[in-house]
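Colleague: Chain by chain, the residues run as shown.
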Amino acid sequence: MEYEFIVDNELKKLNMEQQGQSHSIHMDGHEYLADIKSLSPHIISISIKDRMYKIFIVRSKEGFHIQCQGDSYFIQESDQDEGEIQSSEEKSRKDMLNIKPTMPGKVIKIQVNEKEEIKVGQTLVIVEAMKMENEIKSSINGTVKKIFAAEGDLVDSDKPIMELEEKTE
Amino acid sequence: MEYEFIVDNELKKLNMEQQGQSHSIHMDGHEYLADIKSLSPHIISISIKDRMYKIFIVRSKEGFHIQCQGDSYFIQESDQDEGEIQSSEEKSRKDMLNIKPTMPGKVIKIQVNEKEEIKVGQTLVIVEAMKMENEIKSSINGTVKKIFAAEGDLVDSDKPIMELEEKTE
Amino acid sequence: MFDKLLIANRGEIAVRIIRACHEMGISTVAVYSEADRKSLHVQMADESVCIGPAPASESYLHIDRIIQAAQNKKAQAIHPGYGFLAENPAFSSRCEKEGIVFVGPNSKAMDLVGDKVRARQTMEKAGVPIIPGMKCVYKKTKEYEKQAQDIGYPVMIKASAGGGGKGMRIVSAPDQLKTALEAGMREAKSAFGDESVYLEKCIQKPRHVEFQILADNYGNIVHLFERECSIQRRHQKIIEESPSQALDDELRNQMGEVAKKVIQATGYNNAGTVEFLLDKDRNFYFLEVNARLQVEHPVTELITGLDIVQHQIAIAAGEKLNMEQDSLSQNGHAIECRIYAEDPENNFLPSSGRILFLNEPSGPGIRIDSGIFQDCEVPIYYDPILSKLIVWAENREMACERMIQALDNTVILGVKTCLAFLKEVISSPDFKRGDTTTDFIDQHFSDWSSMKKDPFTRELSLMAAAFLSQNQRYNDRSDEKDKREGSFSPWKTLGRWRLGRSG
Amino acid sequence: MFDKLLIANRGEIAVRIIRACHEMGISTVAVYSEADRKSLHVQMADESVCIGPAPASESYLHIDRIIQAAQNKKAQAIHPGYGFLAENPAFSSRCEKEGIVFVGPNSKAMDLVGDKVRARQTMEKAGVPIIPGMKCVYKKTKEYEKQAQDIGYPVMIKASAGGGGKGMRIVSAPDQLKTALEAGMREAKSAFGDESVYLEKCIQKPRHVEFQILADNYGNIVHLFERECSIQRRHQKIIEESPSQALDDELRNQMGEVAKKVIQATGYNNAGTVEFLLDKDRNFYFLEVNARLQVEHPVTELITGLDIVQHQIAIAAGEKLNMEQDSLSQNGHAIECRIYAEDPENNFLPSSGRILFLNEPSGPGIRIDSGIFQDCEVPIYYDPILSKLIVWAENREMACERMIQALDNTVILGVKTCLAFLKEVISSPDFKRGDTTTDFIDQHFSDWSSMKKDPFTRELSLMAAAFLSQNQRYNDRSDEKDKREGSFSPWKTLGRWRLGRSG
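Residue numbers (our numbering), protein chains in the order written: chain L, 6 to 174; chain H, 6 to 174; chain C, 74 to 576; chain A, 74 to 576.
Hints should not be assumed to be uniformly reliable.
[Claimed, not checked] Straight-line Cα separation of at most 35 Å, DSBU-like style, residue types lysine-lysine; simulated pairs: (1) C/K147 <-> A/K525; (2) A/K146 <-> A/K111; (3) C/K198 <-> C/K208; (4) A/K525 <-> C/K525; (5) A/K496 <-> H/K18; (6) C/K525 <-> L/K66; (7) C/K77 <-> C/K198; (8) L/K114 <-> C/K212; (9) H/K164 <-> A/K525.
Hints listed in this document are in silico derivations from the structure and should not be mistaken for laboratory results.
With the sequences and hints as input, model every part of the structure.
Modeller: Put into structure tokens, the structure is as follows:
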């Protein structure tokens, strides 16, 4: 069976077929014969050539949260979030204009006003979470288009606090 | 709501009603006002008068496996196993005639034959599990009615190895 | 000894203190905010009292409510843990006034050492070496600008009222001073309720070496040797160890004696820590006294075999120290890693959420002081420390290897953690060599990214995801139940048969 | 040092050895039976080889298959753990023949001490006090009957080839001898592959005191002090501690020196244990040498700070002992509880099944050597030890309190365990007083029943069951998923933003 996943912003294709007690897997030109077993709802054991690997995994609606030999991964099924597969550049561009906190927190200080001109590196807003202050700075030259939050507001990590507009020269 | 449970061979009735954030519970003439919360799928926190109690619990088809402050319980819903509520005596009587191993294991030696007369305390069968031998002895005077297993058989804990018949004098 | 003690804290340290009390036969009262109803410390205490809404200012920092909880529950003593009210003299003097024993220093000594500026004055008088810098606090930016000029850039802004890196900023040029001062003051205010800050000369490439002290109420003082805590990010320690690689017995004795002098000069009692900066020429400077139990106290417990929390409580109850300096020794090597919910790839920003899966390591030489459990929530309101992983071994090399294995066996899914980062730090040649200075992270790991992950672990993870997609049985609860039912149930056959007896 | 080592065992001890190897940088090969594909030790090793069906005789006791696995994987050494082939001279001499280093004593010494009867002869010659009893093994029941008569009832039947209580029986009258001999021989055969048994005088109310030994390949021998292991059920230890309450320094030194003499007289090398019985008049008798790593070795590790497994491997690799007797000391107090899947209410009959829920304690002074994880299966084929809980504290009283708390925080659902029983033993006044003899359980706990449970915990359990019946959300997987999705996901915002940098 064919699977398509997104991991670390890359699309990965994988073919997995049951073959007796084992699974035959093709991926990125590699071929594996693996004995895969569930040890528990959240632990999977993969045996390849007498080597056993333990993968800790939790599935949520967004995707798979995984830890394997100290490395952490977040894997999404590609069909689930078609719109998400956009180029890294495009995504990073959108992020530059939509100012979001990296984590949920409280808006301590908004350092700019709507319509104000801003420069690269200028502090836009200070958000506090877990007793730490985080300054969010602009990465563009332009203007503040719209501010969605007020000082003292609790803000979520995926909702923009303000929207910027880039100066086109 | 009314609940009926069997625990330690006793039938226990319990009434539990939601009352705001709390639950009001009646049981054995006692009345409790408790704040009950799930901490995780297998941990329940019960708060009564600022005291918090942590109950570890897993539900299986047979019933609830529970540990609370070092004490272990197995609780069954009474409607689930109507037939199970038999008097202790009756149950223990049945157990005396149907010889089962206390745990799954291997039949090492059968010390009696079918139709053989047996006495209280006589060794009937020796079962080994986890490298330990367990002698199962008769608790009645009577005869061996039927033997279901042979030496070397792997036997389960809930299937009889032999059936006895009590001598009626 | 006390019958009942209230713990005015949360998380791993509250759990740690509750454990100590239970072992001493002391009944415990936990306090908690509305965000913490399901937290571990609340579940472990004998009694738990809700003291207000989630924000710390309305719960864990609310003196009146905590005192009231202690009085209602008839607790004879309060242990403040670290952070929150631990170093707040108003709280400790309030306890004294209400006749509740505060497990910590007397409020006068706390007041003195807590005011970093007055403490510096006292030390200078006592002949203890201090870092050049301000000897009083000012109101106006102008005055700070002048002081900074006198001290010479780079300067360090520090909160007058507390430690833990809160409010701390390095300023390397005059034009950054104003913004940094404002931010530092806001952070100080938010963390300690006092916005005073002062300036110190920035010592280049120092090691952070501190001495653990126990002092009873009768003037007996011992030090429990040093901890080195040079590995810091955002001015906050993340890895601590003992012994320090930089000390020999001579320097150790010398610093230990100075540390005891500091305690004596301030009239300090109970457990405390005297912090020093040690420069590369083996000069050491008094930094401050931490007037509380510290996050890293387990490191000292493992090398001395003493239970610092139990000794704190015994001292507070009026017992005499039952040890002499000469009877104490350092055995083996201990290292602590603080496991924070934070993202090392993103400047260690805190993370919050639900712990979806948790596996804690175990085995020889491994200690976990944990404040979490699988399926618990990590709230956004408080310090994001999840747990501490502490290892002990015969020597430093073995301790490093043990820590690397233990970190590998620590699994936390659902929130971001610094686990992979900690492992790389401990595994790095510079750390293994003991070349640890406070700029270690900035110097060696400023561009750290876990994107250097092993491509094979990524392939394995993809296989696991595919397997789970294909094979839903574990996600389908009813099927999981069937599996369980299929297995042998010991309760089915509740003991009728007895071995070798009449059945 | 070895590059690769094979562990010829399973369960907690295999896990323990794998950990030690990883810390030493040695690659590990696990072997497993078909019943153990999902077991912890298989998952932890670098490589794992299936060596046959579930019955031990076809897997963990199958010498050819284990040797072949070692050769295929190019393992230079084999660690046998305890039980299975650990004390089988045929196995160790086979290893020697194949050029594989056996981590344990040389086969000649193992042969000698493993034959309990020849060992007794050797000890008598060396002037070591032994228990009156048989000095050779016979074939016929008649001969045993005569010997028993000479020794005087009660007599003890013991397996000539092994320890661990397997094959052991107390016989108090002549008419029980024949059946007991047969059963003992069958058990001995099943456990060690050798049915030989012998008879000893039964010492009344002794303490079981043993000395841990390390001996390198160059004649250097140290003892790591004693362990007291008097608390036994079915002749198997369940609680061990060090120091013993019965020893003072004089007796300790005396017994320690005799223990070293035993090792010397037998030409023994690597780690081993010399067991003694100590009677109430402080007479001690040589019992046997356990020619292997013991279940209770962590107790000694905690009081000496030495990693016995790592030292075993170093000795096997030809390293010299890097310690002297005078440099060793006992620090504090350590207690171990063995957590078995067994039913203390039903004569400690083993239990098997699936671990439905597992919580292991953590915190200061707590060590867990575990062979299980949540959702693992406990197979019926092997020794039912699940894990070991070991605590360390400054003194015995504190260690007992710590153990009680730790037992309370250990939760295992799905199989029966001796947890509640262990807690009652440790809490009992007799144990606390240190009045521990090998008949302790029979004397104080023969009628133990957990039916003396607190009625209130029963009520709480009923409330929890009612709550779960009412509120199925956690049993309904889809609902649980919803809860998780609702919480903040740190991965949603995979690091684009960096603090204080251009976004």
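Colleague: All hints, please: hold or fail.
Modeller: We went through each hint and held it up to the structure:
With a C-alpha separation of about 31 Å, the suggested pairing of C/K147 with A/K525 holds against the 35 Å cut-off. With a C-alpha separation of about 20 Å, the suggested pair A/K146 and A/K111 falls inside the 35 Å cut-off, and the hint holds. Taken as a hint, the C/K198 and C/K208 pair is honoured in the structure, with Cα atoms around 12 Å apart against an allowance of 35 Å. Restraint check: the Cα-Cα separation between A/K525 and C/K525 comes to about 58 Å, which exceeds 35 Å; the hinted pair is violated.
Between the alpha carbons of A/K496 and H/K18 the distance comes to roughly 30 Å, so the proposed pair stays at or under 35 Å and holds. For the hint pairing C/K525 with L/K66, the CA-to-CA distance comes to about 27 Å; that is within 35 Å, so the pair holds. For the proposed pair C/K77 and C/K198, the alpha carbon gap of about 41 Å is over 35 Å, so the pair is violated. Straight-line distance between C-alpha atoms of L/K114 and C/K212 comes to about 22 Å, which keeps the hinted pair within the 35 Å bound.
For a cut-off of 35 Å, the pair hint linking H/K164 to A/K525 stands: about 30 Å separates their Cα positions.
Checked against the numbered hints listed earlier, the structure breaks hints 4, 7; every other hint is satisfied.
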